[in-house]
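Asks: Okay, here's what each chain looks like letter by letter:
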Amino acid sequence: MKARIKVMLKNGVLDPQGKAIEGALGTLGFPNVASVRQGKYFEVEINETDLAKARATIDEMSKKLLANTVIENYTIEIDEK
Amino acid sequence: MKARIKVMLKNGVLDPQGKAIEGALGTLGFPNVASVRQGKYFEVEINETDLAKARATIDEMSKKLLANTVIENYTIEIDEK
Amino acid sequence: MSANDIEITPKLIAEHGLKSDEYQRILDLIKRTPTLTELGIFSAMWNEHCSYKSSKKWLRTLPTTGPRVICGPGENAGVVDIGDGQAIIFKMESHNHPSYIEPHQGAATGVGGILRDVFTMGARPIAALNALRFGAPDHPRTRHVVSGVVAGVGGYGNSFGVPTIGGEVNFDESYNGNCLVNAFAAGLADTDKIFYSEAKGVGLPIVYLGSKTGRDGIHGATMASAEFDQDTEEKRPTVQIGDPFSEKLLLEACLELMQTGAVIAIQDMGAAGLTCSAVEMGAKGDLGVELNLDMVPCREDAMTAYEMMLSESQERMLMVLDPSKEKEAEAVFRKWQLDFAIIGKTTDDLRFRVFRHGELMADLPIKELGDQAPEYDRPWVATPKPAMVPTSEFAAPNDITQTLAKIIALPDMCSRRWVWEQYDHLIQGNTAIGPGGDAAVIRIGDGPKALAFTLDVSPRYCFADPEEGGKQAVAECWRNLTAVGAEPLAITDNLNFGNPEKPEIMGQLVGCIKGIGAACIALDFPVVSGNVSLYNETNGTGILPTPAIGAVGLLPDIAIRTTIAFKAADEAIVIIGATAGHLGQSIYARDILGRRSVDAPPPVDLAIERRNGDFVRDEIRARAFTAVHDASDGGLLVAVAEMVMASGIGATVEAPDDIALHAWAFGEDQARYVVTLPQSSVAGLLSRAEKDGIPAIVIGATGGKELTLKGSAPISCETLKEMHEGWFPAYMAGPNLLNA
Amino acid sequence: MKSAVIVFPGSNRERDMLTALEKITGTKPIAVWHAETELPKVDLVVMPGGFSYGDYLRTGAIAARAPIMADLKKKADSGVHIMGVCNGFQILCEAGLLPGVLMRNNNLRFVCRHVKLETVNAKTAFTNKFKQGEVWRCPVAHGDGNYFTDPDTLARLEGDDRVVFRYAQGTNPNGSLNDIAGIINTKGNVMGLMPHPENEIEELNGGTEGRTLFESLLETVA
Ligand SMILES: Nc1ncnc2c1ncn2[C@@H]1O[C@H](COP(=O)(O)OP(=O)(O)O)[C@@H](O)[C@H]1O
Ligand SMILES: [Mg+2]
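In order, the protein sequence lines correspond to chains A, B, C and D. Reading the first sequence from the start, the letters are residues 13 to 93 in the numbering used here. Reading the second sequence from the start, the letters are residues 13 to 93 in the numbering used here. Reading the third sequence from the start, the letters are residues 236 to 975 in the numbering used here. Reading the fourth sequence from the start, the letters are residues 21 to 242 in the numbering used here.
Calculated from the structure, these hints are not laboratory results. Just so it is clear, CB atoms sit at the ideal spot from N, CA and C, and this is done for glycine as well. Some hints here could point you the wrong way.
Said to hold, decoys possible - Derived PhoX-like pairs (lysine-lysine); straight-line CA-CA distance at most 20 Å:
| hint | chain 1 | residue 1 | chain 2 | residue 2 |
| --- | --- | --- | --- | --- |
| 1 | A | 75 | A | 14 |
| 2 | C | 749 | C | 288 |
| 3 | D | 94 | D | 61 |
| 4 | C | 291 | C | 749 |
| 5 | A | 52 | B | 14 |
| 6 | A | 14 | A | 31 |
| 7 | D | 43 | C | 684 |
| 8 | A | 52 | B | 22 |
| 9 | D | 207 | D | 95 |
| 10 | C | 749 | C | 292 |
| 11 | D | 207 | D | 94 |
| 12 | D | 61 | D | 48 |
| 13 | C | 940 | C | 956 |
| 14 | C | 435 | C | 580 |
| 15 | A | 76 | D | 93 |
| 16 | B | 76 | A | 31 |
| 17 | C | 292 | C | 602 |
| 18 | C | 956 | C | 926 |
| 19 | B | 22 | B | 75 |
| 20 | D | 151 | D | 136 |
| 21 | D | 61 | D | 93 |
| 22 | D | 93 | D | 207 |
| 23 | B | 14 | A | 31 |
| 24 | B | 22 | C | 447 |
| 25 | B | 22 | A | 14 |
| 26 | C | 428 | C | 560 |
| 27 | B | 14 | A | 22 |
| 28 | D | 95 | D | 151 |
| 29 | D | 136 | D | 22 |
| 30 | A | 52 | A | 75 |
| 31 | B | 75 | A | 52 |
| 32 | C | 560 | C | 570 |
| 33 | A | 31 | B | 22 |
Claimed, not checked - According to the in silico footprint, chain D covers these stretches of chain A (three or more CB under 8 Å from chain D):
| hint | segment |
| --- | --- |
| 34 | 28 to 40 |
| 35 | 78 to 88 |
Unchecked claim - The following residues of chain C were derived to be distant from chain D, with all beta-carbon distances above 12 Å:
| hint | residue |
| --- | --- |
| 36 | 254 |
| 37 | 534 |
| 38 | 536 |
| 39 | 644 |
| 40 | 947 |
Whole structure, please, built from the sequences with the hints as guidance.
Replies: Structure representation (structure tokens):
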């Protein structure tokens, strides 16, 4: 099964990359950019046919490793295949 | 308007991060992980009401800045608001 | 699946960068049409990058031996004896074309490649340097290339854990479409524990080490020998990604492996990966090689023999293993979580055979692929000798100090801090002199020994007069090492030129090599390694001839070293070496007067160079000087200004009246050093100099917070520093297509 | 003083740290491989600088989950002194032994230079030989030294004098909150800092102020 995990910084957490990109976009002539936030995106293939089990596993690995839950939120999408 | 840009390495391009995470998940007790690929995710707010214009702008900034089109592909989603 | 027997069309042959006469040579050699895999193998082995077919004839003329040379050109890197059973192993290599296509990854993998060349011989890297050449600052792509290349060089070296301690940065429009990234690395080894690539013994296992193989950089080696044109886009998928983390593991694993005695021969997989390394190891050892590609660790599915043989996936090595040590050897690589796979064996029939799924995909004569590859004597025309232009032809500025301030803020002359602060130049804790001086100095272990490193070349001199330019590049390296108190040992060279099929370009290459050779002989400064990068052109315009020289020197006692910073006020400032005020090809002429005519560069008198340098070194060793700086780009006044800026201590200097002031201030005569010493010991120095027939004159004294040239308005250290430090950060703050 | 240095795949300043410890404490430290499950009995455990696991995912994230970490946490609870330098600091934060996180430098560039540090708490086991408020020279070499935490945690850190080092005189190289360069845990036995005192210990380094930190430990810990 294939899972897609999106990890974004929580609101209020400083995002140096987002800030820098905002700035760069300005100098590159994109005046109408209001804000940029950068996050991470993971595509994980797991050998698991049971959707519920898969979701549980993915959720656990997100908590344990993929996201630092002190500063980041994550969302999971799983497409059965 | 709010746009979400997903940037992934092109197929076949080495993904050292994905590789390292794969290994770590293994040692953390997730044996059934087949593969991990890591990408970037951006949320961009732009002051633009015209959907077509917005899409064009986002596409241009993705090419110019957000994605390294030599090694990365990007996909854009825009939700009108 | 393995479309190995597809028809070999002229188009296909051309796409593999093989000329029709070369293809004919293949047919004569194997007496049949090659398979696709074989065509790929030939294209990889016979291209310029791996075969040196255009340059070999001339490289042979370089002096490559000396009392301290343990191993000269021909191995992965040169090996030089530094006493006490220790050797320094170093080389410089280009990654120009990949760095233009993808600056960050191109530069990163360039650094990775040269580090492997060094540790594949058993040396732990202790220093990295890099010579970078970019297009004109106002060219739309330049800023992106600069930020990407610097981030790539730093990103790889910093993570790997080697101090990056110096290099060069130039801007010139001739590099607009073809930047130069020349990476230098040096490593330390015991003279009795050096490893070579020559295979020995028949029927021994050939082992694949490191990261897995993917479809990375297929045809990278061919690309590195192809001129750019509009369809460069097409070549993009060949970009390789560097993984410094795996490289660090590979370093530790290899050094541990070498302790086990399992290694009979070892060779990194660089350009043309598996093909080049396997063929080189076999050919050098007069052995055949047989590979079973089914055993090669792959990252991607369904890779064909063709793809595996041409893949340039990074962080991989090939070795000939002592079978009795297999278990230990494998354990080491498992510990470091790297691949270890026996993929073939040595044979006694001088054939290079490759099997895939039991099928014979290639069967070629190994010697002709390797050390007997084609060699050309390309037609060349010598660059016409440029005219010596008298000082009177160069207009004087209205204000010398204002002109000085302009010069130290030029793109080619300003501080490179923005660049080297992105490099970890302190790691390993042995950096005695970091970036920003004449040469960087690294302590060996706990000392007292230390090594000095520098890179140099002045492309504008080489363009005007290749032979003098070649000499000058070597001489300036020798001078830089001398200026810190080091004994110059040996050099590596990285020859970057345009299309050698053009007689004028070939003439530049020949001229530069002649000059380099002459200087190496006169200065006892042998060439122990190097690299050639040709076809550096975009749409038919060649780069300036750029034979970058990397040099290494030895300090017996690190306590006796000199730096460019003034140390105290009221010390005498003395110029060692004659000042004629040569302005041809000077920064002043090019950038202040905007002069474009091809005037003669400053002549290099190698005998004088040596005499002056040996004198300065002896005085340094006798602790006569408090600061030393060689005068080069920009001239005397710029050298003094750099000493002022490095210390924050001012100076008052006066020109003799028998020479035009601007020629004295900005002329670029060679073989000169600016030194400081206590007033009390000036007389002694001058008489020793006179006795040896060395020109030495006092031009002033240190002190205050300003640089004052008698007869013109003083300028404060602060202003000088601001001007000098300002350009790079300001430039890089401009619009930049950086990739987040 | 007996000390151990934990080595992870990708650590690269462990040799600098081992040398510094030996030169200053006179006893050879023990290098411990991350895959071990138990630390030797020592007075000080150091997490060295480097790029453990290539800094992939997040700096220190993968190393923080290495086998040895369980025992490190035990040792922390039992009061053993633990110091994380640069990547070591990042790992301690990811492992939850110190609060907050080290984000990308605000200009997104790696920075290697000498900065001025102010010792703002000279009462810790790691700093007692510094004068309170002493300003000293030390090199930094990192791409992710931008200390960040939520307002409450920050207030607590400041309130409890748990900020140990600050970048002084406008030399903050990374944009960290309140110029924070180093912090300590509530118990006072776990400290992390971004700068590299181990590279400022002899004439060759152009300064020896880094020694004071090791000498402080030498005095209190053993
Ligand atoms: N310009 C040069 N001067 C002297 N030796 C050179 C030069 N260019 C290449 N060599 C030597 O030729 C050999 C092959 O070079 P290269 O293909 O760059 O090595 P590698 O395959 O390890 O990258 C090396 O030993 C190198 O030192
Ligand atoms: Mg090599």
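Asks: Now tell me, hint by hint, if it's right for this structure.
Replies: Hints, one by one, checked against the model:
1. At roughly 18 Å between alpha-carbon atoms, residue 75 of chain A and residue 14 of chain A fall within 20 Å of each other, so this suggested pair holds.
2. Of the supplied pair hints, the one linking residue 749 of chain C and residue 288 of chain C holds, its CA atoms being roughly 18 Å apart against a limit of 20 Å.
3. For the suggested pair residue 94 of chain D and residue 61 of chain D, the alpha carbons sit about 12 Å apart, so the restraint of at most 20 Å is met.
4. Pair hint residue 291 of chain C plus residue 749 of chain C holds up; C-alpha atoms about 13 Å apart against a cutoff of 20 Å.
5. Annotation: proposed proximity of residue 52 of chain A to residue 14 of chain B holds, straight-line Cα distance about 18 Å (limit 20 Å).
6. Only pairs whose Cα atoms come within 20 Å are accepted, and residue 14 of chain A paired with residue 31 of chain A is rejected, the gap being roughly 32 Å.
7. Taking the CA atoms of residue 43 of chain D and residue 684 of chain C, the gap is near 19 Å; set against the 20 Å cutoff, the hint holds.
8. For the hint linking residue 52 of chain A to residue 22 of chain B, the alpha-carbon distance of about 16 Å falls within 20 Å, and the restraint holds.
9. For the hint pairing residue 207 of chain D with residue 95 of chain D, the CA-to-CA distance comes to about 13 Å; that is within 20 Å, so the pair holds.
10. A threshold of 20 Å between alpha carbons decides the hint, and for residue 749 of chain C with residue 292 of chain C the separation of about 12 Å falls inside it, so the pair holds.
11. Only pairs whose Cα atoms come within 20 Å are accepted, and residue 207 of chain D paired with residue 94 of chain D is accepted, the gap being roughly 14 Å.
12. Of the pairs offered as hints, the one joining residue 61 of chain D and residue 48 of chain D holds, with about 14 Å between alpha carbons and a cut-off of 20 Å not exceeded.
13. Only pairs whose Cα atoms come within 20 Å are accepted, and residue 940 of chain C paired with residue 956 of chain C is accepted, the gap being roughly 12 Å.
14. Simply put, residue 435 of chain C and residue 580 of chain C have alpha-carbon atoms about 11 Å apart, close enough for the 20 Å limit, and the pair holds.
15. Of the supplied pair hints, the one linking residue 76 of chain A and residue 93 of chain D holds, its CA atoms being roughly 17 Å apart against a limit of 20 Å.
16. The hinted pair formed by residue 76 of chain B and residue 31 of chain A meets the criterion: a straight-line CA distance of about 17 Å does not exceed 20 Å.
17. The suggested pairing of residue 292 of chain C with residue 602 of chain C holds, with an alpha-carbon distance near 18 Å, which does not exceed 20 Å.
18. The straight-line distance between the Cα atoms of residue 956 of chain C and residue 926 of chain C is roughly 39 Å, outside the 20 Å bound, and the hint therefore fails.
19. A hinted pair counts as satisfied when its Cα atoms are at most 20 Å apart, and residue 22 of chain B with residue 75 of chain B qualifies at roughly 14 Å.
20. Between residue 151 of chain D and residue 136 of chain D, the direct Cα distance comes to roughly 15 Å. Compliance with the 20 Å bound is thereby established for this hinted pair.
21. Restraint check for residue 61 of chain D and residue 93 of chain D: the C-alpha separation of about 14 Å stays at or below 20 Å, so the hint holds.
22. A distance of roughly 13 Å separates the Cα atoms of residue 93 of chain D and residue 207 of chain D; the hinted pair therefore holds under the 20 Å criterion.
23. With a C-alpha separation of about 17 Å, the suggested pair residue 14 of chain B and residue 31 of chain A falls inside the 20 Å cut-off, and the hint holds.
24. Between the alpha carbons of residue 22 of chain B and residue 447 of chain C the distance comes to roughly 18 Å, so the proposed pair stays at or under 20 Å and holds.
25. Taking the CA atoms of residue 22 of chain B and residue 14 of chain A, the gap is about 18 Å. The hint holds against a cut of 20 Å.
26. For the hint linking residue 428 of chain C to residue 560 of chain C, the alpha-carbon distance of about 17 Å falls within 20 Å, and the restraint holds.
27. This hinted pair checks out: residue 14 of chain B and residue 22 of chain A have alpha carbons roughly 17 Å apart, not beyond 20 Å.
28. Straight-line distance between C-alpha atoms of residue 95 of chain D and residue 151 of chain D comes to about 29 Å, which puts the hinted pair past the 20 Å bound.
29. With a CA separation close to 29 Å, the supplied pair residue 136 of chain D and residue 22 of chain D exceeds the 20 Å bound.
30. Simply put, residue 52 of chain A and residue 75 of chain A have alpha-carbon atoms about 14 Å apart, close enough for the 20 Å limit, and the pair holds.
31. For the hint linking residue 75 of chain B to residue 52 of chain A, the alpha-carbon distance of about 18 Å falls within 20 Å, and the restraint holds.
32. For the hint linking residue 560 of chain C to residue 570 of chain C, the alpha-carbon distance of about 16 Å falls within 20 Å, and the restraint holds.
33. The straight-line distance between the Cα atoms of residue 31 of chain A and residue 22 of chain B is roughly 26 Å, outside the 20 Å bound, and the hint therefore fails.
34. Counting residues of the segment 28 to 40 of chain A whose beta carbon lies closer than 8 Å to any beta carbon of chain D gives 4, which reaches the threshold of three, so the coverage claim holds.
35. Only residues whose beta carbon comes within less than 8 Å of a beta carbon in chain D count, and the segment 78 to 88 of chain A has 4; three or more means the coverage holds.
36. Listed as outside the interface, residue 254 of chain C is consistent with that label: its C-beta sits roughly 42 Å from the nearest C-beta of chain D, beyond the 12 Å cut-off.
37. Here residue 534 of chain C stays apart from chain D, with its beta-carbon at least about 16 Å from theirs, past the 12 Å limit.
38. For residue 536 of chain C, the non-interface assignment is confirmed: its Cβ lies about 24 Å from the closest Cβ of chain D, beyond the 12 Å cut-off.
39. Every Cβ of chain D is farther than 12 Å from the Cβ of residue 644 of chain C; the closest lies at roughly 21 Å, confirming the non-interface assignment.
40. The beta carbon of residue 947 of chain C sits about 34 Å from the closest Cβ of chain D, which is more than 12 Å, so the claim that it is off the interface holds.
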